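Q: Okay, here's what each chain looks like letter by letter:
Protein chains: 4
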Amino acid sequence: MSARETPAGCRFELVYHPTLFFREIQTAAVKSTAILLISCPDQKGLVAAIADFLYRHNGNILHADQHQDSELGLFLMRIEWDLSGFSLDIARFGAHFAAVADRFQMAWRLALSNQRPRVVIFVSKYDHCLIDLLYRHQSGELACDISLIISNHEENRRLAEFYGVPYHYLPLAKENKAEVEQTQQTLLAQHGIDLIVLARYMQVLSAEFTAGYPQRIINIHHSFLPAFLGAKPYHRAFERGVKLIGATSHYVTEILDDGPIIEQDVIRISHRDALEDLIHKGRDLEKIVLSRAVRWHVENRILLYANKTVIFD
Amino acid sequence: MSARETPAGCRFELVYHPTLFFREIQTAAVKSTAILLISCPDQKGLVAAIADFLYRHNGNILHADQHQDSELGLFLMRIEWDLSGFSLDIARFGAHFAAVADRFQMAWRLALSNQRPRVVIFVSKYDHCLIDLLYRHQSGELACDISLIISNHEENRRLAEFYGVPYHYLPLAKENKAEVEQTQQTLLAQHGIDLIVLARYMQVLSAEFTAGYPQRIINIHHSFLPAFLGAKPYHRAFERGVKLIGATSHYVTEILDDGPIIEQDVIRISHRDALEDLIHKGRDLEKIVLSRAVRWHVENRILLYANKTVIFD
Amino acid sequence: MSARETPAGCRFELVYHPTLFFREIQTAAVKSTAILLISCPDQKGLVAAIADFLYRHNGNILHADQHQDSELGLFLMRIEWDLSGFSLDIARFGAHFAAVADRFQMAWRLALSNQRPRVVIFVSKYDHCLIDLLYRHQSGELACDISLIISNHEENRRLAEFYGVPYHYLPLAKENKAEVEQTQQTLLAQHGIDLIVLARYMQVLSAEFTAGYPQRIINIHHSFLPAFLGAKPYHRAFERGVKLIGATSHYVTEILDDGPIIEQDVIRISHRDALEDLIHKGRDLEKIVLSRAVRWHVENRILLYANKTVIFD
Amino acid sequence: MSARETPAGCRFELVYHPTLFFREIQTAAVKSTAILLISCPDQKGLVAAIADFLYRHNGNILHADQHQDSELGLFLMRIEWDLSGFSLDIARFGAHFAAVADRFQMAWRLALSNQRPRVVIFVSKYDHCLIDLLYRHQSGELACDISLIISNHEENRRLAEFYGVPYHYLPLAKENKAEVEQTQQTLLAQHGIDLIVLARYMQVLSAEFTAGYPQRIINIHHSFLPAFLGAKPYHRAFERGVKLIGATSHYVTEILDDGPIIEQDVIRISHRDALEDLIHKGRDLEKIVLSRAVRWHVENRILLYANKTVIFD
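Residue numbers (the numbering used here), protein chains in the order written: chain Y, 1 to 313; chain U, 1 to 313; chain S, 1 to 313; chain L, 1 to 313.
Chain Y with its partners taken away, still in its complex shape:
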C-alpha cells in the first residue's frame, strides 16, 4: 500500500489507516463489495489504467464517480465493485495494485463493504442527535457498529440500554479534563474505534486528542458555518435577526469549528419565533445534518482536499 506525494500547494488528506485496513481483510470472506478511493495528479490514462486493472481481475464495477479539480490538477475517484468473481485475493490487493498506483503517484485507500466501521458517540445531556443515530443504526440506515457511548452525564444511560449499547459515564470538570481524555482514548483503543461522533457533546476536545484522530472525528455545530462559530450560536442568530437558521456537520481539526464541512442545511424562521423556537427547529436540522455526515463517512463516500470535502453520493 502506497501513499504518494501530492501536487505542490495542495494539502493532501487521504490518510493511511493500517488498523482499519487489516481488520477489513480478515472479514472479507463473506459476500461483499470493495471500494477504492484514489487521489492523484490528473493525468491521461488514469481511468483506463484503473478500469483495466479491475477488468483483468474480473471485477464487475457497480458504481464509479470521479472529480477533477482543473485548477489544482487533481483527480479524485471512488470506485466500487462486486467481490464475487473477483480473481484477486483481496488481502493482497495492495501488492497487485502497486504498479498502477506508483505509475500515477496515487494516494489510495481500500474499504470493504462487509467491514463495518466501529463508532463511538460522545454525548452530553442533549439526546436528540443520540436517539436519532441509534434509531437509524437499528433500522439499517448506518452501515457501522455503534460500539459504545461516552457521556459526561448519566441522563442518557437508559436510552443506551434500550438499544443495547455500552454506556460510559465519565464526569468532566476543569481539573480532570486531561485525565478523562486519557480514559476516553483507552476505551477507544480497546474497542478499535474508527470514528468518533460528537452528537452535541458540548465540550472542546484538546488539540492532542484531536490530532490523534485526523478525519475521524465528526461534529455537529448548530449554525450555518462560518456564521456564528463558537458558543451559543442560536442566541447569536436570534440577536442578529437572521431569517434562516442552519446546522453544519464537519470534521474536527485543532481549530474550533474550522474543519472541512461535510453537510449543511437550513430552515426558515421569522419574527414569530422566540429563541426557544429556534432551538426546537434547529434540533431537526442537527439530526439530519449529522446523520448524513455519519452515513457518508461509514460508506466511504468522503474525500478531502484543500480543507474541503468531496461527497461521492
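Note that these hints are calculated values from the structure, not bench results. If you're wondering where the values come from, they're calculated on a predicted model, not measured in any experiment. One or more of the hints may lead you astray.
Within a straight-line C-alpha distance of at most 27 Å, the following computed DSSO-like cross-link-like pairs (lysine-lysine) qualify [stated by the list, open to error]:
1. L:K281 to U:K308
2. U:K281 to U:K125
3. U:K281 to S:K281
With chain Y fixed as given, assemble chains U, S and L onto it according to the hints.
A: Just chains U, S and L, lined up with the frame of chain Y:
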C-alpha cells in the same frame, strides 16, 4: 402626527417621514386603502382602542397583523382598511388619531396604497438584479414608481431605455466620491425619492450619505450574512467549502453589512461547482431575495426594532 | 356556547365538541391562557367587539392572528390571552360571550392551554413516526397527553413500554375489521380521546369510524398530495421519475386522501436514488410533516373552511 | 455511427440525429471538447474499453459520469474530453469507435462543445419565461443559439427585438391549427432547429408535430407533476389547499404532461396567498425550472430510459 418614546433598552426605529406623508395626502382622492403601522409598549386595551377607532369612523378592516415581543414588552401592528366609506378625512387622520396614540405612547405611520413610493436603483455593470426589478415593476409586482437609475457605468443605459426609466451615468473614482454623492443626493431630492435600492452597486456609501436615508436604503449582499460579510463573498464561500450559498437583503446602516436583515435564502452547491457556478447560481438567489425586500418595503410590510425586521406578509 | 350558520356556499367546519369543552373547564384553575377560535361572516366592528370584550374583562392579549377570505366574505380569528387577572369565570365564558357571538353570527370554540388534548396513536410495523412523536412528546414539543397506542402488530410494544404508554395489540384481518373498529372505539371512549393520529397505520378506516371523529383524525400520506394518492406512492413516484418526493399530513375524511391538507414538504431525489433510497429519504419527511400537524392541532392553531386549513402559527 | 438494440423490457431512447451530428463535424475545427453519451447493457470491461479507446488516441478526459441501473442491467455514461491533442479526426470518430460500440451493443451519440444547438422558443402572451431565457442566453449561461421566437401573439415582439432575435407572429385559431403547424415546421427546417422550448406557449401541439421532434421539445408545466396535469393547475392547487406549489420541466410526448420529467421545484404558500399570489410566486419557479432543463439539454447532460431522465450535472 406623533412619535413617542420607546421602552428603555429598545432601539426604536419607526421613522417620521414628513415628505412621504404629505405627498400621500395629495393623491388620496382615488379609491385606495390605508395602512397604519404602530409600535408601542404592550398594554391592555390596545387592540380594542385601535379597532374601535376604525369602527367608529366606518373603516372596514381588510388585513391586520400584530406581533408582541414579551421580553421587551413591545407591541407592533400593521392594519389595513378600505378607504371607501371611511368617514374621516384621511388628510386629517393624525389629528383625530392623536388621542389614541398619546394614550398608548404609540409611534405610528400612515401609508396610503394609492401613493406609490418613488424608488431609485443604484447599479454597477452587473445587470441581473436591475433587469429583474424592472421586469417585476412592469408586470405589476412592485407597487412603486421607479423614478431613475444611477450607475457608475454606461453599460445598462440601453436596458433602462427599454423600460423607459431615466438613466444617470455618474462615473466614480476615489477622488470624486464626495462630489458624486453630492450629485446623487441632488438627484434624489429632485425626484422626491423615498427608497434607494442598491442592486449590486458594488460601492460603499459614505456614512454621511447613509445617515441621510435611515431605513430607506436596501442592499443585496451575496452571502448568507453574517457569514462572509465584506468583499468577495462567493470567493470566500468557495474556499471555505460550504455546501449552501446564500444571499441577504438588508437595510443599510453606517456599519458595513450590519443593518437589519429583511430576507435571506440559500441554494445547494457541491464539489462539482466551480467558483463560476457559485456566481451563476447566486444570481438567481440575489434577484429573488432583493425583489422580496423591495416588495415588502413598498407595501409597508416591514417594521423594525432592536436591529431586526418584523415582516407582516 | 353557540355555533351559528355560515355564509351560503361555504362548508363550515368549526365543530362543537362538548366533552372537550367541559373537561377543559374543570382543570382551568391552574395558571394558563385561553384561546378563542372564531369563524363568521366578515363585518365591520368584529375586531373591535372581540377586543373590547376581552379588555372589559381585563384580558391581556398575548397573540392574535386573523384571516379574511374576501371572496367568501369570511372572517377567521385565533386570539390567546392570559387568564391571570381575567375577571370572568372562564367556566361561564360562553354565557358572557353569547351576546357578541350572536351579534356577529360567530361559530367559535374556546380552548385552555392547561387542558392537554388526549391523543391515541395508531401504528403498524413501521415505527419511525411513532418513535418521533413519542420523543417529541417526552421532550416537551407536543402539548398533549399520549394516552395509548393501538397497533395491529406486536412489534412496537417494547418502544411503547420505554416511553410508558399503554399498548393495545388488536390484530386485523378482513373478517374482523368491524369488530376491531368497535374495540378501538370503546378504548377511545374509555380514554376520552380527543385526537387520533395515524402514524403510518397502513389501514383504511371505515366511513362509519371516520364519521365519528370529524377533524379529529390526522393521517400522514407518503406523497405530495394530490399526486400519488392511494397505495404505494413511493413506487409510483419512482416509476414516474419525479425529481422531488413529498409527504402530506391531512385530516381524514370519508374519501381516501382527500381531506384538508395541514402540512406538506418535499426532498430532492435523483436518478442515483433507488426505490429504497426514496423510502429512506421519505421517512425524515414523514416524521417532520406529521409532527408539525399534530403540534398545530394540539395548540389549537388550525381552522378549517372550504376543505382547506388555515394555520395560525 | 451505430444504434444497437437495448435489453428487453427497456424502452431505449437515445436517438440518432444525423443532421445534428454532421453539422457538428463541420465546425469542429476550433478549440473544443467532445462529449460522448452512451447507453448499453451493463457488462464487465465497458469502462476499461471506453477509457482505453480515448487514451490510445491521446484524449484528456475532463469529466466522466456514469449510472448503472442494476434492475434493468443498463449502463449509461457521459464522458467529456479535450479535443486539443486528440489524435483522431473527430469527423471520423464513428468509424473508429464502431468496434468498441459494436462489441458492447452501445447506443451512443457524440456532441461537440463548440457546436451550439439551435433553439426556437414558442411563446404566448406570457413573457416571464421568454425574458428569462433571453437574458440567460445573453449573459452566457446557455450554450446555444436562440435562432427564432414563434408566437401566436404580437405582444413580445419588442422584447425579441431588444435581444435581436427574429420574431414570427403566427396567429392561431381552431380552424388553422394544422396550417400553422405546417408553417412552424417549415421555419424550423429552414433554421436547422435542434430544440423547441415551449416557454408557457399554452397550446397543445398535435401528435404529428410532437412525433417529429422526439426528445427535442421541452415544456414547462406550472404544477408539480403528476399533480394537476392539464389545464389551470394553479386554480386547482388553490382549490385543493396545497401548502406548496410546483413547476415541472419535461420532454413533450404525445400524451399530455406525461413525458420524462427533467426538473421540478416547489415554493411554500399559505392560506394568506390568494390565487393571484400563487401565480406570481409560480413565475419564479417556472423560470428557474425551465432554464435548468434547457441548460442541461444544450450541454448534453440528459440521458433517457424507461421514460425517466438521468441528469449528469
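Q: Work down the list of hints and note, for each, if the structure agrees.
A: Evaluation of the provided hints:
Simply put, L:K281 and U:K308 have alpha-carbon atoms about 25 Å apart, close enough for the 27 Å limit, and the pair holds. For the proposed pair U:K281 and U:K125, the alpha carbon gap of about 18 Å is at most 27 Å, so the pair holds. Proximity of U:K281 to S:K281 is assessed by CA-CA distance (about 25 Å); at most 27 Å being required, the pair is judged to hold.
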